[in-house]
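S.K.: Protein chains in written order, with our numbering: chain H, 1 to 116; chain X, 1 to 112.
Source of the hints: derived by calculation from the structure; they are not laboratory data. Misleading hints may appear alongside valid ones.
Cβ pair distances, simulated, as ranges [what the hints assert, rightly or not]: (1) X:66 / H:40: 25 to 31 angstroms; (2) X:39 / H:61: 50 to 56 angstroms; (3) X:111 / H:40: 20 to 26 angstroms; (4) H:51 / X:109: 28 to 34 angstroms; (5) H:61 / X:70: 28 to 34 angstroms; (6) X:19 / H:79: 40 to 46 angstroms; (7) X:5 / H:52: 25 to 31 angstroms; (8) H:27 / X:65: 41 to 47 angstroms; (9) H:1 / X:5: 18 to 24 angstroms; (10) H:53 / X:41: 27 to 33 angstroms; (11) H:79 / X:8: 18 to 24 angstroms.
Partial chain X-side listing against chain H, Cβ under 8 angstroms, derived [unchecked claim]: (12) 17; (13) 28; (14) 39; (15) 102.
Glycine included, every Cβ here is placed at the ideal spot set by N, Cα and C.
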Amino acid sequence: EAQVTQNPRYLITVTGKKLTVTCSQNMNHEYMSWYRQDPGLGLRQIYYSMNVEVTDKGDVPEGYKVSRKEKRNFPLILESPSPNQTSLYFCASSFSRGGPSTDTQYFGPGTRLTVL
Amino acid sequence: GQNIDQPTEMTATEGAIVQINCTYQTSGFNGLFWYQQHAGEAPTFLSYNVLDGLEEKGRFSSFLSRSKGYSYLLLKELQMKDSASYLCAVRAWGAAGNKLTFGGGTRVLVKP
Numbered sequence: 001e002a003q004v005t006q007n008p009r010y011l012i013t014v015t016g017k018k019l020t021v022t023c024s025q026n027m028n029h030e031y032m033s034w035y036r037q038d039p040g041l042g043l044r045q046i047y048y049s050m051n052v053e054v055t056d057k058g059d060v061p062e063g064y065k066v067s068r069k070e071k072r073n074f075p076l077i078l079e080s081p082s083p084n085q086t087s088l089y090f091c092a093s094s095f096s097r098g099g100p101s102t103d104t105q106y107f108g109p110g111t112r113l114t115v116l
Numbered sequence: 001g002q003n004i005d006q007p008t009e010m011t012a013t014e015g016a017i018v019q020i021n022c023t024y025q026t027s028g029f030n031g032l033f034w035y036q037q038h039a040g041e042a043p044t045f046l047s048y049n050v051l052d053g054l055e056e057k058g059r060f061s062s063f064l065s066r067s068k069g070y071s072y073l074l075l076k077e078l079q080m081k082d083s084a085s086y087l088c089a090v091r092a093w094g095a096a097g098n099k100l101t102f103g104g105g106t107r108v109l110v111k112p
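Please work from the sequences and hints to get the whole structure.
M.R.: And the structure:
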């Protein structure tokens with residue numbers, strides 16, 4: 001089954017304790033991205049990757065890191081989480097960023113993160 | 001940057017029709033998407049428009065006017081399961097390739 005998976009689905013942590021949220025897709029997609037979703041603000045892009053070893057900042061990258069060592073995986077790293085990073089996080093993938101007109105993004109199930 | 005506006009919330013009755021409007025301002029327009037998102041779940045793709053006009057997919061239709069920076073999603077024969085948020089997203093071509101920007105979403109409540 002074609003899917004995007006994220007782990008963990010729920011996480012409660014404390015300020016300053018490094019954490020990683022994993023994202024994996026089995027559709028051989030080149031393009032992957034991370035979003036955070038907050039009430040009233042919609043989905044905002046944190047980082048994206050156009051292919052292996054190619055990553056770039058989205059609209060709200062501060063406090064986050066990513067890596068893309070393999071095509072299928074795109075982990076999100078919070079080196080020193082703070083309470084303002086409490087949010088619902090979604091990983092998404094698509095064939096390409098500038099690909100076919102109808103190319104849409106497939107979203108993972110989401111990770112609800114609480115930073116105390 | 002891009003500016004995408006859609007109403008925050010709408011209420012409608014089961015069996016009725018609801019129209020969700022989305023207005024946007026962007027350069028390098030390259031398509032508009034509508035997604036459905038149930039509470040606590042991932043967004044799922046509903047429709048795509050890149051040319052002016054109406055795209056129909058069963059009970060859902062989406063319309064685009066590029067000159068007006070305007071789109072709407074039409075939901076017909078509303079069912080209780082249609083209670084969800086509907087996200088308008090605009091794709092635009094920039095220096096780093098296409099970028100997808102989401103509006104804040106419209107929460108639709110379907111009442112019996």
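S.K.: Take the hints in turn and mark each one as holding or not.
M.R.: Structure-based check of all given hints:
For residue 66 (chain X) paired with residue 40 (chain H), a C-beta distance near 27 angstroms keeps the hint of 25 to 31 angstroms intact. Hint check: residue 39 (chain X) to residue 61 (chain H), Cβ distance near 27 angstroms, so the stated range 50 to 56 angstroms is violated. A C-beta distance of roughly 23 angstroms is found between residue 111 (chain X) and residue 40 (chain H), which places it inside the suggested range of 20 to 26 angstroms. The hinted range of 28 to 34 angstroms is not satisfied by residue 51 (chain H) and residue 109 (chain X), whose Cβ atoms lie roughly 41 angstroms apart.
For residue 61 (chain H) paired with residue 70 (chain X), a C-beta distance near 31 angstroms keeps the hint of 28 to 34 angstroms intact. Look at residue 19 (chain X) against residue 79 (chain H): about 45 angstroms separates their beta carbons, and that is inside 40 to 46 angstroms. At about 37 angstroms, the CB distance of residue 5 (chain X) to residue 52 (chain H) disagrees with the hint of 25 to 31 angstroms. A C-beta distance of roughly 33 angstroms is found between residue 27 (chain H) and residue 65 (chain X), which places it outside the suggested range of 41 to 47 angstroms.
In this structure, residue 1 (chain H) and residue 5 (chain X) break the distance hint of 18 to 24 angstroms, their C-beta atoms being roughly 36 angstroms apart. Between residue 53 (chain H) and residue 41 (chain X) the beta carbon distance is about 32 angstroms. The supplied range of 27 to 33 angstroms therefore holds. Against the hinted window of 18 to 24 angstroms, the Cβ-Cβ separation of residue 79 (chain H) and residue 8 (chain X) comes to about 34 angstroms, which falls outside the hint. The beta carbon of residue 17 (chain X) is not positioned within 8 angstroms of any beta carbon in chain H (closest approach about 25 angstroms), and the interface hint is therefore violated.
Proximity of residue 28 (chain X) to chain H is violated relative to the hint, the smallest CB-CB distance being about 11 angstroms (cut-off 8 angstroms). At about 11 angstroms, the closest approach between the beta carbon of residue 39 (chain X) and any beta carbon in chain H exceeds 8 angstroms, and the interface hint on this residue is violated. The interface hint given for residue 102 (chain X) holds, since its Cβ lies 4 angstroms from the closest Cβ of chain H, which is under the 8 angstroms cut-off.
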